[in-house]
Each structure stands twice: as structure tokens, then as C-alpha cells.
Amino acid sequence: MTQPVSITLQNSQDGFAIAEAIMADNPGAERRSMPAMTKIDRPGRLEIKAASVSERLGRDWDPQEIHLSVISLSGSVDEDDDYFAVYWR
Amino acid sequence: MNIDIQAEAITPRRQTFSHIARRFGTDKAASRYEEATYDVQPVANFHYRPTWDPERELFDPRRTAIEMADWYAFRDPRQFYYATYNISRAAMQQSFDDAVNFVDKRGLVGSVDADWRAMFAAYLLPLRHVEWAANMNCQLIADWGYGTQITSAAAFCGTDRLGIAQIISRIGLVLGEGSDEQLLAAKTQWLDAPEWQPMRRLVEDLLVVRDWFELFVAQLVVLDGYVYPLVTQAFDRAGAAHNGSPLSMMTGFLGDWFADNSRWTDAVLKAAAGESEANRQTLGDWFDRWDERARAAVQPVADMVLGDRGASAVAEIGAQLQDRVAGLGAIAEREKAA
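Residue numbers (my numbering), protein chains in the order written: chain A, -8 to 80; chain B, 11 to 348.
Just chain B, with the same shape it has in the complex:
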């Protein structure tokens, strides 16, 4: 008997969903990212207005001062949707686990100068409270934001922040040799230590910002733009003189995460600022307001860790942040202080 196996090619009648085809044309096969994010936001037929905000619709672009003709201009360069996000973050978690296990198994934390170990705990561990607040803020952006492109990315970012809070907690457990005493001490510092109070004040103020795009600028661009470079660069370098490299192994991942997240925040800022002069003005005002607050909030922590070099470290990071945001067109180029 002769069996003839043939594949019959059936040409699909269409390549993608209608809402994607309307945007990109019918013949182009869309990527999963495009299918998951473009034009998914409900825009009509909302019926009742929410009791918590009766002035507006359930989903309403007017919850921010930023105006966009098309809310799908915030393409995430990382193209995160459920699968790509999880693949990427699983790899990050793995690299962190490997680093911590390496440090933990060999007892390397014990080789760090005791003074620096205490300083490290004092500057890193309270940040888990900052990260938790960042999660809340990201979820507010996901909740009140408009356009799936930015809300889904914000939800992913929020999950990242919970993950980072857990990672910092894990480092606290390693420092406490398995006990939670370091974490409890860090919470007391967060609540009572004078170095942390401007930061706590700022974080609590951010929790009640109601314009979600302003929150995006204040938390994800400005505050993160100070905290991450300080912790992963300036503080880390200061630790080198105290044999701090085992601690750097555990925090190195934070710098990688911030670089990754900044690709997204840069793209969002650039798109919003490029839309109109009014947006650029609004972004600039928000940036200035929160830049001043964030600078004042990190200063006492930087002074605690770096002593008399704290002021110059914060000024340097502030200048880098200004350059970065000016490069995206969100604030005007300024004359640099000499």
C-alpha cells in the first residue's frame, strides 16, 4: 500500500484580530505584544459613573493633565506581555538567587567590615518600605491610567516592586543570619530615624497624588532616578573600601532592573513630551516639583552613608537625571551649575 502524506496549506482568512488589523492593516501578522496591548482599553458604553469619581467615566482619559490624541503611543521597547515579562523576570530572580546562595553558603557576609555591614543594613533595608509604596503607586497608574499599553506595563512594574521588596527582605534575613531582627530594626529606622523622615514624608505624599501621570513622573522617573543610582553606584563604591563586594553581589541586580525599567520610562516620557508643547510644560513642572522633593529626601540618607561626600554625590546624580530627562525632550536644556 502506498501512503502519500501531504501537507495542505490553508491560507488563513485573516492574520490577526480586527482591532489590530484596523491599526496595522489586514495582511501583517501582529506580534503577541501588539495583540495584547493595542486598542484593548474599553472606550465606550460605560453606563454608570463610578461612585468614587462621579465627574468622570469608569475609564476616562481626563484623570491626568497629560493629553494624547492616541493613547497607544507608549510602546514598551521591552515588549512585555505576560509571557515575555515572566521569562525575563524568572531569569532575573534566578540570577539573584544564585548570587545570594553563593554569598550565604560561603558565609561571605562575615568577611565584610562590621561597621559597613551595619551601614549597609541601615541604608538598604528601609528601602523595602519605599518599594512597597512604589508598588501601590504603579497599581494606581494601572488602575486609573488610560490605554492598555501604559497600564499593563505599570502593572508589571508594580509586581517588580513587590518582588524587589521581597528581595530586600531576603537580604535582610541573610544579614540577620536567618532571624528577622534586622528587618524589625529597619522598620524602626524607617519610622523613627531622622535620616529617613524626609523620605517617608515624600513616600506618603506620593501615595495620595491623584494625577496618575504625575505619579509616573514623581515615582518612576524622579524618585527612582535618585534612589537607584545612589544605592547601586555611589553607596556601592563607598563599600569597596570596607570589603563590601559580597553585599554588592546581592544588590547588583537592582542596577540591572533599574536600567531595564528606564528603557520603558524613557519611551513613555519621550512620547508624552513629543505630543505637544502643553504636555512638555506639564511634565517639566512636575519634574521640577518632585525633583526638589526627592533631592531633599535622599540627601540625609546620602549624608549618613557618604559623610561629607553625600552632597556632591546627590548633586551629581541630580545632574545626570536632568540630562536624561532633557535628552527625552521633557524638560528644557538648562545651564549647568558650575
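Excised from the complex, chain A in its bound form:
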């Protein structure tokens, strides 16, 4: 079985937009709401696309900004100009 990766985001305006973008782009991802944070799990890989988040925020969103919203994540990180991915090697 593929191990789940996960990312936990703050329930902020940016955090909501990132969470929504993840849910739209990663079929099978599971979202759990907790006080002040949202945890998202998915087997194998999670990808956060800059274009999807930018569309939801109405501005250019740089994947590096994700560090302002992340509480915790598990998995290896692959980061580029247009996406931020968490996965297991």
C-alpha cells in the first residue's frame, strides 16, 4: 500500500485557498478540519499548483509563500516555480 503524504495548513485566507486548490487538483485527497487548521492526506503524492492557488486568491501566488501557511507536512518536498509537491520516494 502506498503510504499517505500529508500537509497541515492554517485556517487563514491563504490557507483556505491552498486547501481548496489541493482538493481540486488531487483526486482522492482527504480533508479534515480541525480547530484553526486543516489537514489533508493522500496516498503517495500531493501537488499544489501555483496557478490554481493564484486563481483562487486573485493574485500571483509564489509557491514559496506556502511556508507562511504550513503548520506541518510529511513526505519529501519537490518545489519549483509553478508547483509545490509532497511525495514519498
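Calculated directly from the structure, the hints in this document are not laboratory data. For every residue, glycine included, the Cβ atom is placed at its ideal position computed from N, Cα and C. Be a bit skeptical, because a hint or two may be false.
Taking lysine-lysine pairs in the DSSO-like style, the calculated list, with each CA pair at most 30 Å apart, reads [said to hold, decoys possible]:
| hint | chain 1 | residue 1 | chain 2 | residue 2 |
| --- | --- | --- | --- | --- |
| 1 | B | K38 | B | K115 |
| 2 | B | K280 | B | K38 |
| 3 | B | K115 | A | K30 |
| 4 | A | K40 | B | K38 |
Over 10 Å on every C-beta distance to chain B, these chain A residues come out as not near it, computed from the model [what the hints assert, rightly or not]:
| hint | residue |
| --- | --- |
| 5 | Q4 |
| 6 | E38 |
| 7 | H58 |
| 8 | S67 |
| 9 | E70 |
Following the hints, put chain B in place on chain A, whose structure we already have.
For chain B alone, kept in the frame of chain A given last:
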């Protein structure tokens, strides 16, 4: 002693305000932008009619010829509410300050050809008066407009215009090496120079347009649609032959601002034109009327800066503007003049 710390999750009974829930459903957490703009406009129980307009209510959708079934169709793609607006504009101000400080500290303005420096002052500095009028016009849209979505965005736009007027003034101070002589000279030009009189006439006429949506089209789509591309593109390119790049550094921000503002004006035009054929017709009439005026107003300024290339530059920008507005469905596609 064993301390057990646990977080107890309390499910909120509702996710957002009632007026947002009625629009989007109760289970969806609304964004700040949505909460700040949708259905905030007062619509009932106004009591007395205003003394300055006794034919209408205090807030009344009939202050424009445009009709909308729902006045919340003008979603701002930038999603500006107080926080996002300020974050965005603080960044713009910072980038302008950095550019001007860079130019100022190194004395780069002195390296620009003296003739072009004078020309630059002659075409840029009087525009601060145009920007001030644009602020007044935006505030009228915010005041008489209907639906918080468009009025709050117009108020933000008005503040932008005051900011731009200040920025142009700051450039004037840099050109005047700290003195206000350039700004005073620019005001004299604005009032007396023949090149500027059609523009001043147009600006003063705009200040008394009473249909707020017509003003939106005339100022924010048409006049801005000529002035900004001319100044930030055509005039800027002409300056390159005179070592004008230090001046371009200071004005580059204007092009960025116009692109940003156009995202909003495009969305508004598209929504209004898409609503009904009557709206499209009205928008088209307004566009034609003010397009002609704006073209005539910028022409002498373009001639002053570009000489015999002025006419073609204005024609080109006019064609781009037509294409842009036609692309939004606000005017019919036309045959282009060959």
C-alpha cells in the same frame, strides 16, 4: 502528576454571515472578499429622499442607465478588500520608492538628454491634474454607484489615483532637484499650454458627468485606455533614443498599475455587457462618444512628444482599445481601418 492536554473541536454552528449564506449556502466558508462585498449595500427603509436628488432614494440603482438583475455580478478578479488592497499597494509603493531612490541617489536624471528631460516634464507632470480628477470621478462612482462590489473597488481605485498624483509630484520634485519649480511650471502648462487644453476640457467635462456608469466607461476604460499606453509605452520608447531609461525606471510602475486596474475594469465591462442587449447598446454608445473625445484630447500631447509619429501612435492605441472592449462584448466587432 499527569497533565493531559487535549484540543476539543467545537464545530461552529455556521460558517459565515447570513447574507453570505443566503447567496452561497450555509456550509461553505466564505472568503473575506466575499464577506466584505456581497449584499452589503443597503436596499430598503431609507425614509427620506435626499434633498440633492429628491426623485430617487438615497441609494438607488436608477442613477445609471445600466440595468442589472443582480448588482453583485461585478466580482473584482483581484478580490480587493481592505487587507488585500493595502498589501498590494504597499508593495507597489515600495517598488516605486526603491526605483526613485536608486535614480535620485545616483543622480541618474542628469544623464538624460536635457531636451528630453524637459519634454518628459512637459508630458508627465500635468498628468497629476488628470489623476486628481480621476480620483474625484472614482469617488463619485463609489458615492452614487449601486452594489458594494463596484463601489468599494471604485473607492480603492480613487485612492490609487491620489497615490499616482502624489507619485507624479514626487517625480516632479526629483526633476526639479528638490524644488517645486517643475510642478508650478506644469500647472501653468495645464492651464495655458495649447497642447493641454483639449485634455483639460475633457477632464472638466468628465467631472460633471452624472451617470456613474458612463463615468466608469469614460474615465476608467476610455481616457485611461489612451493615456496610460501612450505614456508608458509610446512616449517611453521615444525616450530610449535620448537615454531616457532613468526616467522609465520611475514611470514603469504606472504600466503595472494600469494592467492591474484593467483586470477589474475588464471584468466589470464584461459583466455589464453580458447582462442584456440594452446594456451592450448603452455601453457601446458611451464608448463611441468618449472614445472620440479622448482621442482628440491626447492627440496634441502625442504630437508634442512624438512629432509626426503622434497620429499613428494614437491610432494604434485606439485600435488596441477597440479590440479590448470588443473582446469583452461591450462594442460590436468593427472593420478595422486599413
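Taking the hints in turn, this is what the structure says about them:
With a CA separation close to 52 Å, the supplied pair K38 (chain B) and K115 (chain B) exceeds the 30 Å bound. Restraint check: the Cα-Cα separation between K280 (chain B) and K38 (chain B) comes to about 27 Å, which is no more than 30 Å; the hinted pair holds. Distance check on the hinted pair: K115 (chain B) and K30 (chain A) sit about 50 Å apart at the alpha-carbon level, beyond 30 Å; violated. In summary, the hint linking K40 (chain A) to K38 (chain B) is supported, as the alpha carbons are separated by about 22 Å, within the 30 Å threshold.
Not every CB of chain B is more than 10 Å from the CB of Q4 (chain A) (nearest about 6 Å), against its label as outside the interface. Non-interface call for E38 (chain A) relative to chain B: holds, since the shortest CB-CB distance, roughly 22 Å, exceeds 10 Å. The non-interface label for H58 (chain A) is consistent with chain B: the shortest C-beta to C-beta separation is roughly 17 Å, beyond 10 Å. No Cβ of chain B comes within 10 Å of the Cβ of S67 (chain A); the nearest lies about 28 Å off, and the non-interface call holds.
A cut-off of 10 Å between C-beta atoms confirms that E70 (chain A) is not in contact with chain B; the least separation is 22 Å.
Of the numbered hints stated above, those contradicted by the structure are hints 1, 3, 5, listed in ascending order.
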